[in-house]
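Each chain is listed here by its residues.
There are 4 protein chains.
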Amino acid sequence: MKGTVFHGPHDVRVEQVDDPALKTPTDAMVRITRAGICGSDLHFYEGALPIVPGFVLGHEGVGVIEEVGAGVVALKKGDRVVVSGVVACGRCYFCRRGQSSQCAESGSAIFGYGANSAGKLGWLGGAQSEVVRVPMADYTCFALPDAIDDDAAVFLADMLPTAFFGALNGNIRPGDTVAIFGCGPVGLCAVMCAKLFGPAQVIAVDSIPYRLELARKLGATPVNRGSGSGSSLQAIAELTDGRGADVTIEAVGKENALNSAIMSARGGGTVSVIGVFGMPWFNFPIYHAFTHDLTFRIGLANINAHIPELVRLMESGAIDPRPLISHVMPLDDAAKGYDIFSARTDNVMKVLLKP
Amino acid sequence: MKGTVFHGPHDVRVEQVDDPALKTPTDAMVRITRAGICGSDLHFYEGALPIVPGFVLGHEGVGVIEEVGAGVVALKKGDRVVVSGVVACGRCYFCRRGQSSQCAESGSAIFGYGANSAGKLGWLGGAQSEVVRVPMADYTCFALPDAIDDDAAVFLADMLPTAFFGALNGNIRPGDTVAIFGCGPVGLCAVMCAKLFGPAQVIAVDSIPYRLELARKLGATPVNRGSGSGSSLQAIAELTDGRGADVTIEAVGKENALNSAIMSARGGGTVSVIGVFGMPWFNFPIYHAFTHDLTFRIGLANINAHIPELVRLMESGAIDPRPLISHVMPLDDAAKGYDIFSARTDNVMKVLLKP
Amino acid sequence: MKGTVFHGPHDVRVEQVDDPALKTPTDAMVRITRAGICGSDLHFYEGALPIVPGFVLGHEGVGVIEEVGAGVVALKKGDRVVVSGVVACGRCYFCRRGQSSQCAESGSAIFGYGANSAGKLGWLGGAQSEVVRVPMADYTCFALPDAIDDDAAVFLADMLPTAFFGALNGNIRPGDTVAIFGCGPVGLCAVMCAKLFGPAQVIAVDSIPYRLELARKLGATPVNRGSGSGSSLQAIAELTDGRGADVTIEAVGKENALNSAIMSARGGGTVSVIGVFGMPWFNFPIYHAFTHDLTFRIGLANINAHIPELVRLMESGAIDPRPLISHVMPLDDAAKGYDIFSARTDNVMKVLLKP
Amino acid sequence: MKGTVFHGPHDVRVEQVDDPALKTPTDAMVRITRAGICGSDLHFYEGALPIVPGFVLGHEGVGVIEEVGAGVVALKKGDRVVVSGVVACGRCYFCRRGQSSQCAESGSAIFGYGANSAGKLGWLGGAQSEVVRVPMADYTCFALPDAIDDDAAVFLADMLPTAFFGALNGNIRPGDTVAIFGCGPVGLCAVMCAKLFGPAQVIAVDSIPYRLELARKLGATPVNRGSGSGSSLQAIAELTDGRGADVTIEAVGKENALNSAIMSARGGGTVSVIGVFGMPWFNFPIYHAFTHDLTFRIGLANINAHIPELVRLMESGAIDPRPLISHVMPLDDAAKGYDIFSARTDNVMKVLLKP
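These protein sequence lines map, in sequence, to chains A, B, C and D.
Position 208, counted from 1, in the first sequence is what the numbering used here calls 247; the numbers after and before it change by one each time, with no gaps.
Position 332, counted from 1, in the second sequence is what the numbering used here calls 371; the numbers after and before it change by one each time, with no gaps.
Position 2, counted from 1, in the third sequence is what the numbering used here calls 41; the numbers after and before it change by one each time, with no gaps.
Position 26, counted from 1, in the fourth sequence is what the numbering used here calls 65; the numbers after and before it change by one each time, with no gaps.
Just so you know, these hints were derived from the structure itself, not from any lab.
Worth double-checking, as some hints may not be accurate.
Since copy identity is lost for identical chains, a pair holds within one copy or between any two.
Calculated lysine-lysine pairs in the BS3-like style (CA-CA distance at most 27 Å, straight line) [unchecked claim]: (1) K116 / K293; (2) K62 / K116; (3) K393 / K375; (4) K115 / K62; (5) K293 / K256; (6) K41 / K115.
Predicted, not measured: the structure shown is a model, and the values here were computed from it.
Bound conformation, chain A alone (with noise of 0.2 Å):
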């Protein structure tokens, strides 16, 4: 079949490869329809984290079951499903707490990491592909409704649900201020995800206008932090009588927009990160913290734990991805994808792929 394989930084091939298959009772196979190219991604693809090339990338995925395995009890062929970019048992000390994230028996892994997160399942190739072999496929495969499309059902392989958890990890409540630094496609799906909280207001802080834009035709009030990250904190001083946001969320994965995250939170609120940081160390502030009673929240989305009411969200109409989407691609094209996104032109948001 044919797969998006990773060579190196800026070099990502869709070419042939094996085709995959089943190996284990619990799998399942499912033909991909539709793919995305996550944020995530661009952290290999931009040569910022090391890692060894030749797999296909990808764990954005939705598609049609294939087949499953003698043990698969809640999916049959033809099932119409997205699949969880993270693996989970659905049984273990972690997923029985909804942190699917931390699944002892998957070692959570991810689909299309390669090396990085094999887990204990050994690698999983990736949804940028034509077919994807799912392993603990009951509790990592989720049936769709007719009402959900393709292109809306992408975003609840790792989107949505990453920044689903990032609103819950706030705790916020009904009239709280929340402030989200980042308007990528994560930070945007994290301004649909905070208003479900019912916040007073929502800010979204990023320096590129179109970005900006979309973030206030969503409800957001924008700031733009111009060059420097003052303004930031400044505006949204300004905008909670001098307290500070009840809820900050960080959805870049850099150190500044961090800072800001932290240095604007009021006393006694949460920090969320639902960047990537893949750096070991951060400089973190912490006699303000010990002054200002802060709670510090980092982590993996426990994306399958949230899928299910994602999905009635998404089903209802109380939450639609699709403003979001700015390119759909054939599979064929995912190097233009991959460069388009890592460039940032073209008005880029999300990228979908189409085998």
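Take the given structure of chain A and dock chains B, C and D to it, following the hints.
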């Protein structure tokens, strides 16, 4: 001054009454600029609650501070405020837990209820008048920002906090289905408040077309229960894959509506009651509740505890109750206001009075 | 094999029945080493619940896995397990929310209940026998560490999860007063479980001295309600500065106990019911509940959801239910066990059977 | 009057100072009957926090109301009270949320901190003296029942609320494992408070044998970290099936203890800090936190918010901190008390002063 005095069922009159005055150091005097007629006022008016006549009605008031006692710390003459319908101290066992409607110091005193809720404070004059004395003013009056006009602010005195309490009691989670029984003013406020908790859908049940139409405009799925109640159960089942609603909110105060609210909740769901129940006993389907693992919550809203967040939500425009106002009348026309509201003529929804 | 068969009120007999066998790939066969007689079994025995005779009783079983179906992933022959009294799938809408007693796939099937709770699975043989077939075994059987012996483990099948559920439903906060009505086995388990939530005091109400003495030994303040119920209300008021208990737990399943539980809860308190209510209606004091802002919760415990944490608590010694065991008998003596338990002779508390 | 004046590192002297007097209508004067020396007082004493000398130390005081201002409602002369270490208004944005340590009206003023925490109220005299002026007295003084003696009550001013806050921040659930780093007075109070949340086990880490022995007596599993920190990680892993602790509490205020607290929390766990961190930055292992989905909470305890429930717990005997008292000295011996505490000689744990 002038006040709306209750003389007996279907007999309220605006007439001269004694001017109220400060009695204790923590009192404030508030000159009323807008007052509401509440559905619970109709209980007196329609004779449903027997009560000794001769008191000024009204527990929904907005106005301007005219004078404060020596012990008032947070308010001063000229402040524009909403007066909570219920008096609370802010410091007792109950107030500290946010359960201000159970305040041990005020005895849950309500304005304009005559002998029915004198609490520990003696009769409190009602807000459907020119001036009202407010005990424990620091915790019972709430300053209003300019962005909230008097018409909107009246809803903060009871309607919105009650609806918010009902939604909060429902423990609504993102993706849930909420079914609200009754589309009068408090039921429609509940539609607005339920949406603060991220439901996938809000179902609104009533039998009056113009109310259902308003519910639809507020984003609910209207269900006309017709003359029976079975139809609503069936409609709710169809909208929830046969499960029933995750949360049901009773906003009528009648036995058959409460039965429907109980029977249409899913197994493990919550029934939250904000309708006023004056009858002593209710025939509760306990075996059904036992096998369906139900949570049943009923009570007087903790108004004072919830006004601050509702002020922020209203100030930012996240909530706007003004579409529910059908009539704004001079105080002198209060009798006509009661008549219309009771008769449900004239597409009446919320009636406000202007002294 | 031998099983305890229900023939009619006050007529149970240990006799030969057909050996059970695997029926579906997710079944397991468990050879019982210890079983309990539950207070709810007495409902059949005493004729309180009319039921078609001819089935093997018992939903509290501990044993060893003898055989597993092809779809069983987490268990293997020889594993020592407790079998949850209720079957659940672990994956449906309800199980994902931890509400396993409402499991859509099993239909809340209970072992040893004959036609009364056949759920979607057909009649399930009872645990008061030599071998039991366990459907959905991966989520219904739980491995036991060596530190938990069979006598203790029997309490994990129903008693302790039910008591834990009752305490959890009470939303007990540190410093609260909890009043528990009924000091039978489940009431005393509730004393133990309530203490997990840091109450300042646990009040235990009953009229039988040896039960109250056991409550006292477990750390509760015993209250002998005598022949009336007014005395318990007064005693609880005195122990709570006149407020009433923050949380009351009904562990009897009788109307007057439930009334006392409702009337002795403070304003804004919670009434949590774990007693079994087979009657269809209960005369609920709704005006009292309305003015006192009550939360009322009742249901079948989510046993499967709570076993894992109870295993950890028992393994570490934080909870030990063995002081509640009054009799351990051979399976052959089951009839005598029912007789003693029903007659409340012999200082009976918990009766266990040993096949 | 006499007060314990800070003159510089290792130089505190009990000497005559000006008598304090009422300054605002909401003040109360409290004659101190017992005061504590807190671990955070040692920061000044040991020169770890540079501070302008010349103020009376102490923020842990118990005494009797001697006089109240005209605006004090809930207290009167003769009342026996504990004085919260932090002043709070009870009414601002933060106090309404229970986040009294961020009080906007007091500016989080702390007694006996000189210029370091003057807040908005100017310097506040310390409790290691004969009389203290208490601003915002209605919300800062708490009446004591007879059942709580002065020795026990001192712990309510800071130690126990701080430990309770740390346990609460940990979001401990029944069955969890909690690991506490540091067995000084606040760490041992944390052992007591953690147990209020039903953990299966509490692990207490220190390197001083008499402290570990006291931890063991309080029900914790002691772990002697020896001279390194790797040993505590290994011990915690062994006690948790290799997972790590569900919740870790840092009660030291040192970098290596915080590192251990972070590295020994399980994936998806919570790290709660109650140690005092005066240094501006901490090298936070962010990639570890990201992949392990950590919640990190740090701050000044909301003392005023938690005193009421701790009073109830102490009154009923559910909590008794008196075993932590190692020395009770006359106020005149305060200098010796600081010396012993700082030198950690004499098996010192908690030092109290008696004016």
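Right, here's what the structure says about each hint:
no., hint, result
1, K116 / K293, "neither (43 Å within a copy, 50 Å between copies)"
2, K62 / K116, "both (17 Å within a copy, 24 Å between copies)"
3, K393 / K375, "within (13 Å within a copy, 66 Å between copies)"
4, K115 / K62, "both (17 Å within a copy, 21 Å between copies)"
5, K293 / K256, "within (25 Å within a copy, 42 Å between copies)"
6, K41 / K115, "within (24 Å within a copy, 40 Å between copies)"
Consistency note: the structure conflicts with earlier hint 1 alone.
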